[in-house]
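Asker: Following our numbering, the numbering of the sequence shown begins with 3 at its first residue and continues without gaps.
Hints were generated in silico from the structure; no laboratory data involved.
Check the hints yourself; a few may be wrong.
To be verified - Restraint ranges, calculated between C-beta atoms of paired labels, are given here:
hint : residue 1 : residue 2 : range
1    : Ala-145   : Gly-333   : 36 to 44 Å
2    : Arg-223   : Pro-413   : 38 to 46 Å
3    : Pro-122   : Gly-297   : 30 to 38 Å
4    : Ala-138   : Ala-428   : 26 to 34 Å
5    : Ala-428   : Pro-381   : 44 to 52 Å
In this text the structure is predicted, and so the values were computed from the model without any measurement.
For each residue, glycine too, the CB sits at the ideal point set by N, CA and C.
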Amino acid sequence: MSTATAPPGSSLDAARRTRELTEAADGRVADVLVVGLGATGAGAALDAAARGLDVVAVDAHDLAFGTSRWSSKLIHGGLRYLASAQFDVAHESAVERGVLMTRTAPHLVAAQPFVLPLTPLVSRAQASLAWAGFRAGDMLRLAARTPRRVLPAPRRLSAAEARHLAPPVRADGLRGGLLSWDGKVTDDARLVTALARTAAAHGARVLTRVRVLGLTGTGARVRDELTGEEGEIRARAVINAAGVWAGDLTGGVRIRPSRGTHLVLRSERLGVLPAGLHIPVPGETNRFVLVLPQGDGRVYVGLTDEPVEGPVPDVPEVPESDIGFLLDVLGSVLEVPLHRDEVVGAFAGLRPLLDTAGKAGGPSRTADISRRHAVLTSPDGVTTVVGGKLTTYRRMAEDAVDAATRARGLPARPSPTAALPLAGAAAPARLRALPVPRRLVRRYGTEAPAVHALGERDPGLARPVLPGHPVTRAELVWAARHEGALDAADLLDRRTRIGLVPEDRAAALAVAEELLARTAEEVRSANRC
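Construct the entire structure; sequences and hints are all you get.
Answerer: Encoded structure:
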């Protein structure tokens, strides 16, 4: 069995952070400073570092602290953009989905089946339109050259087949279903962690808990949120990838946040779900509520698309109106409706949409704003990337690095990231051959044997963090040693998703704090030897 090691240079921990923050603020000039360590920012750090540039990447909080941990966990092929004639966005989404599934992250991104149940609330005209959309989505797959073995074809289902794949759906009046496929990431925050660690392996200095106090085209004034010390990080090019907070760092960027809310349910409430569900939103032609089984004892139900006014919070609150809306749509297809007290958790993310409302013909609803990303350069040379979505983070990052290096006259070779495997990635055959639980492989890829080995050497670490949840104590130790987790919130809310259910988070908190303290002491002891 493998020993508990990580690929050379990819491990992030507290000691490395301290050392590299000192280096970054010692007066030397980096090639690129990236602000924000969500998917796009971590992707930009990787893109620039993989081109051979000297990179510093900072975030005021943690990896994936913002929008990147609040997604539907889907890697969309761009189907909804076909309906609004955004053909370039649709094609780009399908291409990037294929890149993730076949080259860069096949351990984290896999095919997810969905059933659209044809209930009496879905007219035959609506069913025909949806079927045409799924067929068009398959053509997108073909155009993106994603193999059929990776994403199967859509097909029609009989009522019996629909009930088999979606047992909770009401049988009365069910006339069949439509089966489609899309990409699903095991965990969006884990994708960001893999990006950041891969960037670190290419030499990027990845620094969490470093807040930008002032940003210019030549660097930033920053504060170490752990010590309160302030300093300067100088750079030849600066990329602002702060998402919904991007407008707070530089002028000329207007963000129109849109809230996407999800509910968290216990899996036993809906029973075995071999597939997810697409449930049409009444009165809408191209919006669905999604039911997303997670394989960890939980199911997510989402999502909304509501405009958000006023200051942007660090962690968005979920209004009761969103919860009621999702429960109502879900109840329209279930045999036994869900009640409010069966919702064990909820989360909301804010999409960083570029505000086009002031332009002629600009949409009034956030649901209608294009998900096309934009790269903007301010008069003082700060390059800002906004818009887009999780699926297209890599292309957004590439475009941002292209623009930043071009604006500042930096030599940079073409981006290699479309063919660059992330930490843990390998061909499917190699992943299948790993002699460890499949759940670990889906989260850690080729590093799964190393995580598993921690529990083999110390049986106490093989125990679950809390009863009824599959995450083991070894995974928390691995996160502290190799994935940059600095406190219990990092462990419970981002490296694992235990914290999505407040009751579970409270039950796991003491274990997380104990393992953090133990890991820190082990590191201190090793340094004394």
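Asker: For each hint, tell me whether it holds in the structure or not.
Answerer: Results for each hint:
no., hint, verdict
1, Ala-145 <-> Gly-333: 36 to 44 Å, "37 Å, holds"
2, Arg-223 <-> Pro-413: 38 to 46 Å, "27 Å, violated"
3, Pro-122 <-> Gly-297: 30 to 38 Å, "31 Å, holds"
4, Ala-138 <-> Ala-428: 26 to 34 Å, "32 Å, holds"
5, Ala-428 <-> Pro-381: 44 to 52 Å, "45 Å, holds"
When held up to the earlier numbered hints, the structure conflicts with hint 2 and nothing else.
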